[in-house]
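S.K.: Sequence:
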Amino acid sequence: MKVMERFTGGRTPMLASAAVGAVGLALTGVGFAVDTKRALFSYLFAFVYWAGLAVASLVLLGAWHASKARWPVVLRRMLETMAASLPLFVVLFIPILAGVGQLYLWMDPHPRQLVEKDLAKLDHKRPFLNLPFWVVRSAIYFAVWIVVGELLLRWSRRQDESRELKLTKWQWWLGAGTLPVVGLAMSFASLDWLMSLEPLFVSTVYGLYWFSGAFVGALAMLTLATVLARGPNLYGELVNDSHRASLGKFLLAFSIFWAYMAFSQFFLIWIANLPHEVPWYVLRARGPWEPVALFIVNARFVFPFIVLLSRPFKQHRRTLVAMAVWLLLAHVVDTWWLVVPVVSPDAMRVHWADATAFLGVGGAAVAFTLWRLRGHATVPVGDPYLHESLRYDE
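If you read the sequence shown in the numbering used here, its first letter stands for residue 1, the second for the next number, and so on.
Keep in mind that the hints were calculated from the coordinates and are not lab data.
Be aware that one or more of the hints could be misleading.
Derived EDC-like pairs (lysine to aspartate or glutamate); straight-line CA-CA distance at most 16 angstroms [said to hold, decoys possible]: (1) LYS125 with ASP192; (2) LYS121 with ASP108; (3) LYS125 with GLU198; (4) LYS249 with GLU394; (5) LYS121 with ASP35; (6) LYS249 with GLU388; (7) LYS125 with ASP108; (8) LYS117 with GLU277; (9) LYS68 with GLU388; (10) LYS121 with GLU277; (11) LYS37 with ASP108.
Start from the sequences and build out the full structure, keeping to the hints where you can.
M.R.: This is how it looks when you write it as structure tokens:
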């Protein structure tokens, strides 16, 4: 194995990402002044996209620890650092908290958009959908994610110096023990931040739909970082064809899982034909939003399924990079499709604040991740199973 020292590079992309983030957030702030409600929906779309990638990274990390997987050890530090971006999202959550009254219909005690029967249904949900409880739940989600992510990262870094086997076991135990809690927090966050945009809508699959999409996105981001991380003290130099093929298999498997979740939700709502569920799909799969729905199905399932079935394609760097970028863009459209039709039901329009918010939140998240990566080894050099991971052969 090459000697991996602390990573001290990445300053230029970190500063560039920070600059993009600052400009994007500043322009989105202008959007808040010009068209507050539309800009808030743009910001919510960007926030749940990037925060979802970070939380899904933590779920994947916990799953690897729970299964005591050894082949992905060489990839683990990047995943740990992606999950360690979650403290930033506490700060980025402030605009959503400030604009909650314009984002969520349930904040209005007497919404004019609803008839009397629907008002009664909404009143029935108010013990759960009220601002104090919503804020407390959001705080709990962040606390769970951040504590677990920070502990896993700190123990991993500490092991770089101490080489203690017990730290590996601690990570296995914490990853396995907290995986259900982290997953449930992600599921409930999707209900609070996304599904409650339409408070009368009910879906028992919604949390899994958002999780599956974000999970594919996190895998795509990890794949992209792995293939591009080539240079002094970067872990991409240690990754072989078998690692890349396995990442490709993960992308294929969870693209299929996303399709299964999407079809399950659609089929259950279609066959039940309930008046408080069907309008959600009528809005998004008919009229101006129908082309977006069709694009999502093909972009998130059909095209990846065809390409990623090929083993050579999964091992080829350029093909894998192209597919990772494609899946990240497909997840952008999917997340946008979940949020924006609520505020723009009659027309499928891309608002300039969609782009500025996405670049603002994304630039800040990438810069923060690179900042946390700098000054540390990009592989867990103290992990006793690293050598086994480097010799990985399917």
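S.K.: Take the hints in turn and mark each one as holding or not.
M.R.: A quick look at each hint next to the structure:
1. LYS125 with ASP192: holds (12 angstroms)
2. LYS121 with ASP108: holds (14 angstroms)
3. LYS125 with GLU198: holds (12 angstroms)
4. LYS249 with GLU394: holds (11 angstroms)
5. LYS121 with ASP35: Not OK: LYS121 and ASP35 at ~30 angstroms, beyond 16 angstroms, violated.
6. LYS249 with GLU388: violated (20 angstroms)
7. LYS125 with ASP108: OK: LYS125 and ASP108 at ~13 angstroms, within 16 angstroms.
8. LYS117 with GLU277: Holds, because 15 angstroms separates the two Cα atoms, which is no more than 16 angstroms.
9. LYS68 with GLU388: Holds, at roughly 13 angstroms.
10. LYS121 with GLU277: Roughly 13 angstroms between the alpha carbons, so the hint for LYS121 and GLU277 holds.
11. LYS37 with ASP108: At roughly 14 angstroms apart (the allowed maximum being 16 angstroms), ASP108 and LYS37 satisfy the hint.
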